[in-house]
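Asker: So the protein sequences, as listed, match chains A and B. The opening residue of the first sequence carries number 6 in my numbering; numbering runs sequentially from there. The opening residue of the second sequence carries number 9 in my numbering; numbering runs sequentially from there.
It is possible that part of the hints are untrue.
Which chain B residues face chain A? A few, computed with CB under 8 Å, are given here [what the hints assert, rightly or not]: (1) G36; (2) M49; (3) E50; (4) L53; (5) P91; (6) H93; (7) A110; (8) T112; (9) F115; (10) G116; (11) G118; (12) L121; (13) V123.
Once the Cα atoms are required to be at most 25 Å apart in a straight line, the calculated SDA-like pairs of lysine to any residue come out as [as the list claims (entries may be wrong)]: (14) A:K47 x B:T85; (15) B:K39 x A:A34; (16) A:K72 x A:K47.
These are calculated hints, taken from the structure and not from any lab test. The C-beta atom is built at its ideal place from N, Cα and C for all residues, glycine as well.
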Amino acid sequence: QKEVEQDPGPLSVPEGAIVSLNCTYSNSAFQYFMWYRQYSRKGPELLMYTYSSGNKEDGRFTAQVDKSSKYISLFIRDSQPSDSATYLCAMSESGSARQLTFGSGTQLTVLP
Amino acid sequence: EADIYQTPRYLVIGTGKKITLECSQTMGHDKMYWYQQDPGMELHLIHYSYGVNSTEKGDLSSESTVSRIRTEHFPLTLESARPSHTSQYLCASSEGRTSGGADTQYFGPGTRLTVL
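Could you build all of it, start to finish, from the sequences and the hints given here?
Answerer: Structure follows, in structure tokens:
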């Protein structure tokens with residue numbers, strides 16, 4: 006079983022839709038949770054990160070972490086064609102290790 | 009925007025050739041990483057470095073080698089390329105935080121390698 010599971014999609018939505026992207030994980034030691042966005046033929050770029058459980062909002066993006074369920078989500082409001090990309094969740098433990106474990110990514114297309 | 013660079017961006021090469029993928033960062037980051045990414049698959053860590061003269065193998069077994077002679081430079085070498093090495097190779101760097109927040113990794117644009 007993979008440590009981090011992410012629905013690969015692809016996910017196709019109309020412009021303006023609310024998008025929900027999700028990951029589940031099995032390692033209860035994970036403390037830091039991140040979402041990266043990767044455009045085609047580019048490297049991943051950090052979108053948001055949260056520490057432990059709770060919500061974090063940044064513009065149209067909201068990240069949620071539910072450690073009791075080992076479940077994280079990224080919501081995109083008023084989705085735009087420019088949001089079309091692959092979204093990767095990533096997580097790490099605290100302490101000196103701090104290696105990231107990535108999900109396989111969800112490919113999102115927002116149709117104009 | 010992160011200042012991390014990879015060259016070449018695309019490389020098509022024949023079996024048996026020796027290749028070096030270059031990665032440089034100008035952020036003064038201590039930690040650097042090499043990942044391999046196949047389409048629709050997660051990133052697999054193949055090498056990382058905590059600093060100059062420090063290198064470690066990652067989770068994914070790889071026939072490549074790395075060196076870290078300078079803080080800003082972390083090249084990856086394949087002594088004899090094979091078709092099974094065809095993939096996207098991503099370089100990343102981070103401050104190397106051990107406390108006080110996430111150790112955010114910044115990625116380069118990647119090198120897409122095709123071995124014929």
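Asker: Are the hints correct? Go through all of them and say.
Answerer: Status of the hints after comparison with the structure:
1. Violation of the interface hint for G36 of chain B is found here, the shortest Cβ-Cβ separation to chain A being roughly 18 Å, above the 8 Å cut-off.
2. The restraint placing M49 of chain B at the interface with chain A holds, with a minimum CB-CB distance near 6 Å, inside the 8 Å limit.
3. For the restraint placing E50 of chain B at the interface with chain A, the shortest Cβ-Cβ distance is roughly 4 Å, inside the 8 Å limit, so the hint holds.
4. The beta carbon of L53 of chain B comes within 7 Å of a beta carbon in chain A, closer than 8 Å, and the hint placing it at the interface holds.
5. The interface hint given for P91 of chain B is violated, since its Cβ lies 21 Å from the closest Cβ of chain A, which is over the 8 Å cut-off.
6. Against a cut-off of 8 Å between C-beta atoms, the interface hint on H93 of chain B is violated, since the closest Cβ of chain A lies about 19 Å away.
7. Annotation: A110 of chain B was flagged as interfacial toward chain A, and the flag holds, the nearest CB pair being 4 Å apart, inside 8 Å.
8. Hint on T112 of chain B holds. Least Cβ distance to chain A is approximately 6 Å, under the 8 Å limit.
9. For F115 of chain B, the interface hint holds, since its Cβ comes within 8 Å of a Cβ in chain A; the closest pair sits about 3 Å apart.
10. At about 5 Å, the closest approach between the beta carbon of G116 of chain B and any beta carbon in chain A falls short of 8 Å, and the interface hint on this residue holds.
11. Because the beta carbon of G118 of chain B sits about 5 Å from the nearest beta carbon in chain A, less than 8 Å, this interface hint is met.
12. The interface hint given for L121 of chain B is broken, as the beta carbon of that residue sits about 13 Å from the closest beta carbon of chain A, more than 8 Å.
13. Hint status for V123 of chain B relative to chain A: violated, with the closest Cβ pair at about 19 Å, above 8 Å.
14. For a cut-off of 25 Å, the pair hint linking K47 of chain A to T85 of chain B stands: about 21 Å separates their Cα positions.
15. The suggested pairing of K39 of chain B with A34 of chain A holds, with an alpha-carbon distance near 22 Å, which does not exceed 25 Å.
16. Among the hinted pairs, K72 of chain A with K47 of chain A is inconsistent with the structure: their alpha-carbon atoms are about 31 Å apart, more than 25 Å.
Hint check: violations occur at hints 1, 5, 6, 12, 13, 16; the rest are consistent with the structure.
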